[in-house]
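J.: Here are the chains, one letter per residue:
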Amino acid sequence: MSAPQAGGSASDAMAAALAAFVAREEGLAPERVRAANLRRLAGGASREIWSVDLAIERDGRVDALPLVVRKDPAGRVGDGGDRGVERGVLRAAFAGGVPVPRPRWGTSDASVLGAPFFLMDRVEGETLPQRLLREERYAATRAGMAAELGAILAKIHALDLASPDLAGVARPPAGVAPARAELAKTAQAIRDLAVEPHPVLELAERWLAQRAPEPPRIALVHGDYRVGNAIFDERGVRAILDWELVHVGDPIEDLGWLCTRAWRFGSPLPAGGVGTREQLALAYEQASGTKVDREALRFWEAFGSFKVALVFVMQSRVYLDGRVRSIELASLGRRTVEAEDALLRFLRGEE
Amino acid sequence: MNDRPNATELLAAVERFLEETAVPALDGPAKYHARVAANVVRIVARELATEDAHGAREWEGLAALLGDAPKPAARDALHAAIHARNEELVRRIRAGDADAGPWRDALLAHLSRVVADKLDVAKPPREKR
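Just so you know, the sequences run in chain order A and B.
Per our numbering, the very first residue in the first sequence carries number 1; after that it's consecutive.
Per our numbering, the very first residue in the second sequence carries number 1; after that it's consecutive.
Each hint should be verified, as a subset may be incorrect.
[What the hints assert, rightly or not] SDA-like mimics (lysine to any residue), calculated; alpha carbons at most 20 Å apart, straight line: (1) B:K123 <-> A:G333; (2) B:K123 <-> A:R335; (3) B:K123 <-> A:G266; (4) B:K31 <-> A:S326; (5) A:K291 <-> A:L241; (6) A:K155 <-> A:L241.
Please keep in mind that the hints were generated in silico from the structure rather than gathered at the bench.
Whenever a hint applies, use it, and build me the whole structure from the sequences.
T.: In structure tokens form, the structure reads like this:
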């Protein structure tokens, strides 16, 4: 959690620029739009997230809009995805009935805020998995969440890939199953980045290669669909966030990633720490009208741990190369073994 | 020999300082990073306590899979030798030697032991599942 930044002249200027931008987009006089309470929420080096309240005065009434600004860091295009693509995906998802923050205005013109950005509605609620899994007030949310996440996923996977809003989304290479393409890419990245031999990851790669599924259909894949990337409250899931890794691929990838051991946060329940694989799969099947190939689900769950291993290898490499001297990055290399442990359970035939 | 406190006793002092003084005194990201630092100190302490036993076990497992070799006595030399033998293991896996059969079973048993040892260092027992 990062602390909110104190207001200053820089954020005053940003608030004024935002208000002026929205006034222009709406064809209103500049004084009709006011921005207040701008503050930095979170975000890493590749993107910024701000909270802001807009007041839009029109036809004698004032609309108050609690919003979020998603912005690349000034001076460069972030590597955390493209804000234009993200806004298009949110537009398609919102129109398709997926619970997402409603996207509002945005631009790829860096002259407004120093980098591309867009505005979306601010959804109230909680995202921390530890709260979801431990706090009594979320008991009902937990009980229904695996089924709810399955049904929402069915809506995401039903979005029309021909929609102009999804034109910029990455597509899988032609002529090769998405599972094979993802496996090859991840295995190569591990080989390129790991400073030590990893026999477990080598064995896992061969196990995965023998089981890479040929999907009956391709769909819009969220790419990071898990507890921690959903806003929830006492009534259930309010919004699905973090669409930076969205791509076209095998829809079962999202179901498998949700079941990956790293995203159970210590809970014994495999589906996001909140339910069983069957609760998730059955809710998805009912909502989508398609069957979930359980062997494909097993592949994608195991592949999830393979990808988690890459993330830890990658982060520790950033530390070892001296690019970022953070204690947190330094500690992450020792978590690679958690992903290896998860993979060994598949290799021994226990999962 | 260095004087007492020894390395383990000094690390315990660093951990106590981080948990009892630094964490309560700090806020925001620094507080979080002080907690991470205390955890890193605990990892190092567990590694110091288990390093020789774990190294010996991994070496014996590799020798059983790849054939006997003289075991280096010095710690750094043993690390380098284990690294080299793990590279050999990776070559054998890539060649398909571990795709099926008794060698695969022996390899899985060895890797499971090594991963369990690494988990013992990386995570305290109550966090393991």
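J.: It remains to establish, for every hint, whether it holds in the given structure.
T.: How the hints compare with the structure:
1. Pair hint B:K123 plus A:G333 holds up; C-alpha atoms about 13 Å apart against a cutoff of 20 Å.
2. As the CA atoms of B:K123 and A:R335 are separated by approximately 9 Å, the hinted pair is consistent with the 20 Å bound.
3. For the given pair, B:K123 sits about 12 Å from A:G266 by alpha-carbon distance, which is consistent with the 20 Å threshold.
4. Our distance criterion of 20 Å between C-alpha atoms is met by B:K31 and A:S326, whose separation comes to about 14 Å.
5. At most 20 Å may separate the alpha-carbon atoms for a hinted pair to count; A:K291 and A:L241 exceed this at roughly 26 Å.
6. A C-alpha spacing of about 15 Å is found between A:K155 and A:L241, which places the hinted pair at or below 20 Å, so the restraint holds.
Violated hints amount to a single one, hint 5; each of the other numbered hints is respected by the structure.
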